[in-house]
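The task is simple: from the sequences and hints, build the whole structure.
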Amino acid sequence: MVMKDIFDISGRVAIVTGGSRGIGKMIATEFVKRGVKTYITSRKAKPCHVTAKELSDYGECIAIPYDLSSVEGISGFIREISGRENHLDILINNAGAAWTAPFDDFPESGWDKVMNINIKSVFFLTQQFAPLLRLGASEDQPSKVINIASIDGLRTPRLETYSYVASKAGLIGMTGLMAKRLIDDNIIVNGIAPGAFSSNMNISARDDPDRVASVIPAKRIGRADDIAGTAVYMCSRAGDYLVGTTIAVDGGLVYARTD
Numbered sequence: 043m044v045m046k047d048i049f050d051i052s053g054r055v056a057i058v059t060g061g062s063r064g065i066g067k068m069i070a071t072e073f074v075k076r077g078v079k080t081y082i083t084s085r086k087a088k089p090c091h092v093t094a095k096e097l098s099d100y101g102e103c104i105a106i107p108y109d110l111s112s113v114e115g116i117s118g119f120i121r122e123i124s125g126r127e128n129h130l131d132i133l134i135n136n137a138g139a140a141w142t143a144p145f146d147d148f149p150e151s152g153w154d155k156v157m158n159i160n161i162k163s164v165f166f167l168t169q170q171f172a173p174l175l176r177l178g179a180s181e182d183q184p185s186k187v188i189n190i191a192s193i194d195g196l197r198t199p200r201l202e203t204y205s206y207v208a209s210k211a212g213l214i215g216m217t218g219l220m221a222k223r224l225i226d227d228n229i230i231v232n233g234i235a236p237g238a239f240s241s242n243m244n245i246s247a248r249d250d251p252d253r254v255a256s257v258i259p260a261k262r263i264g265r266a267d268d269i270a271g272t273a274v275y276m277c278s279r280a281g282d283y284l285v286g287t288t289i290a291v292d293g294g295l296v297y298a299r300t301d
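Under my numbering, think of the first position of the sequence shown as 43, with each following residue one higher.
It should be emphasised that the hints constitute simulated quantities derived from the structure, not laboratory data.
A quick note: this is a predicted structure, and the numbers were derived from the prediction, not measured.
DEER-style ranges, computed between Cβ atoms: (1) ASP226 - GLY271: 24 to 32 Å; (2) SER98 - LEU201: 34 to 42 Å; (3) GLY218 - LEU177: 18 to 26 Å; (4) TYR100 - ARG262: 22 to 30 Å.
Don't be surprised by glycine CBs; every beta carbon is placed ideally from N, CA and C.
Shown next as structure tokens:
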């Protein structure tokens, strides 16, 4: 295999949850441009369809809006995909939520909402998609699952995002355990822990990128090709020997002192 082919993912079928905006859209855009049949889903239907229409200028992108915060919603989404595809090559578990509140006032609703979408939905979505992932998998071309975590699961952040930190640290741990089990089925599970990227989940990086960049060793916030390139690497032949690993894509922020 020549090096130009080692990153080839064309002809595969992928799902990107939370694919209508932010990091999910960055990954979905690159997949579509590289010839991947890409399904995107999000809770809000309109932005999901708008993004799919936009990305369809580059290739095949299909919007299937669903609320994945409950097992019932996950099951409905699974049925929709199963009626369209006889296998799945790539699953990007990107949909997420965050909640900030002082320790003494942190509500149960803020705990449950974040845990349901950031941890529970990732597990049950992967569990229920496993049959389709197995059908698309072989030793020569394993299926791939990428869990989008956060560097806040690797360090102590400044903001009081208790449920978010717990969910992302838990997701990194769960990624390793899922990888250990699913590698027997030729399904490779890894994770990406993004740092500062411009998105609705990271308003500071979106609205004040220069200030945020000043504390990052790389002296800039992340760009779309930083996160999308990592996803392509992991999902291609180049990433086949990477199993259970979560890569921080953060310009060195997780190792930097910011106090």
